[in-house]
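Participant: Read off the chains here:
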Amino acid sequence: MISGRTLAQGANCESKMSPDFLKAVSLCHLSKEDYDSLSLSEGKNVLLKNEFGETVLSPRVDAGLRRGMVFIPMGPWANILIGPDTGGCGTPQFKGLEIEVEATVSPVLDIRDLFRNIGRREA
Amino acid sequence: MIVKDAICSFCGCLCDDINVEVEENKVKSVKHACRLGSSKILGHGRISSPMVRKGRELKEASYQEAYDRAAEILMDAQKPLLYGWASTVCEAQKKGILLAEEVGGVLDSTATVCHGPSVIGIEEKGLPGATLGQVKNRADTIVFWGCNPAEAHPRHSLRYSSNACGRFTPDGRSGRKIIVVDVRETRTAKNADKLVIIQPGTDYEIISALRMLVAGKSDTVPDEVGGIPKAELVSLVEMLKAAKFGAVFFGLGITHSRGRYKNIDNALSLVADLNSYTKFVITPMRGHYNVGGIGQVLAWSSGYPMSVDFTRQAPYFNPGETSACDLLAKADTDAALIIAADPASNFPRPIVEMLAKIPVIQIDPYENPTTLLAEVVIPSAIAGVEVEGTAYRMDGLALRMRKLVDSGYPSDEEILAGILESVRRKRCSISHEGA
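Sequence order for the protein chains is A and B. Heads up: the first sequence runs through residues 250 to 372, numbered per this note's numbering. Heads up: the second sequence runs through residues 411 to 845, numbered per this note's numbering.
Calculated from the structure, these hints are not laboratory results. It is possible that some hints are incorrect.
What the hints assert, rightly or not - Here chain B is said to cover these stretches of chain A; the calculated rule only asks that three of the stretch's residues, wherever they fall, bring their Cβ under 8 Å from a Cβ of chain B:
#, segment
1, 264–270
2, 284–294
3, 305–314
4, 341–349
5, 353–364
All values derive from a computational prediction rather than experimental measurement. Think of the CB as a built atom: it goes at the ideal place given N, C-alpha and C, for glycine as much as any other residue.
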């Protein structure tokens, strides 16, 4: 799995609470072969998981990707799968992670729902 | 009114040919900017008022109340983190460093999750760099390694690199060789003469193989490296050596992958090696428009370019220990001031969960997920659109950002000065009480 900038992500990165940002970023790009092998179709989503967490995203066929590789626009949905280790240099490994991908009918979480359960201390 | 040749404040290209139509103090239209720059200059819905959390709710407050609460949080903390700084101007960054020194905190920039490994690699090896103008006017061979300017720096190719026509490069794209090295076929790859798709996480090995081939030690290179046959690597090296003026641009494809700063260290060495044969330069594709600026301002103020700890008698720098993600992951910070950044979106989730456990002060024009975690929210004017100031382009060139419209919001610099003043006033009052 790799995560990174896309044009639509960048154009909406200062309106993160908007539906446009959700549409631009809660995506999982994958090859046509992987899309077909997961029996994905309109209305189906993908569940991505690894030791750090799991996230549901809308699948998109991307002709630039080889089989076995997924690309997620950078942002809070992708970062659920990123670990805290920085390898002693301060920077987490946002690219080159192993994850599991499966088809799901679960919905993609809205940005507020994504942060709803995060522990907020009382002031 | 048309503001001509304004500077765009989105990415590290700092395009300086933007025409902005302003009517009744509002931006009406933007010409010459890319989709990213237009979106930034045209603006979005703003945070309307300062807010302070009472119980579980953020409640509207005055700026002074927000400054005072922020000052309390910073003064109560043992080791506050002051993080962000990439999307504001150098004048605000300078004030932020003063605040970090005053409260005894750690100041880190968004470079720490982007080109931080490049900063470390450059400290180890030095940067054989050039201005973007030199690349435009002279480069006949350009390598894009682990970067995708077609989506992250959309006007880079036309203004500075592959498609730019310059003094000694009048034929533009047709007079150049473009090489793209990546793990996928990006939009940038569609403009390449040579596309090298490598296996993820093998940048270090491939750069090492190229260095061996440049040095004439072909025997030491195996038949395949990182999924690339040796013959293809040999042909790549021939292209690099044939350049009259070569330029490498690299991005997060190598800073975020296995090897991180060692990848950069090796890439810098490859470029140094190539200079035994021809002229070659290398430039990191910096993302936010002034992430270069915070590195410069920190370096001239403290001697270090990021992750600077001001809690000791002298500035201390040790990425992996004093960097934002590590401080949060190890619960080694107990409050955070976030300015011109959104770590709740851009940090790994386990680190965001740690951020949610400490009081957060947010200074930003826009609501974003960090707002949802914040104890104090202070809306600011948009630097580079509503506030003038200095920013550093990705090649280290300092440019003066212009103010395009007036704003009713205070600038980042004014907000930081307000918090600093509140800290000093409280400190003075504590010392008088003590006396």
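Participant: Work down the list of hints and note, for each, if the structure agrees.
Facilitator: Status of each hint after checking the structure:
By the rule of at least three residues with a Cβ nearer than 8 Å to a Cβ of chain B, the coverage given for the segment 264–270 of chain A holds, with 4 such residues. Counting residues of the segment 284–294 of chain A whose beta carbon lies closer than 8 Å to any beta carbon of chain B gives 0, which falls short of the minimum of three for the stated coverage. Note: the segment 305–314 of chain A has 4 residues with beta-carbon separation from chain B under 8 Å; the three-residue rule is met and the coverage holds. Here's how the segment 341–349 of chain A fares: 5 of its residues keep a CB closer than 8 Å to some CB of chain B, so the rule of at least three is met and the hint holds.
As drawn, the segment 353–364 of chain A meets chain B at 4 residues by the rule of a beta-carbon pair under 8 Å; at three or more, the given contact holds.
Hint check: a violation occurs at hint 2 only; the rest are consistent with the structure.
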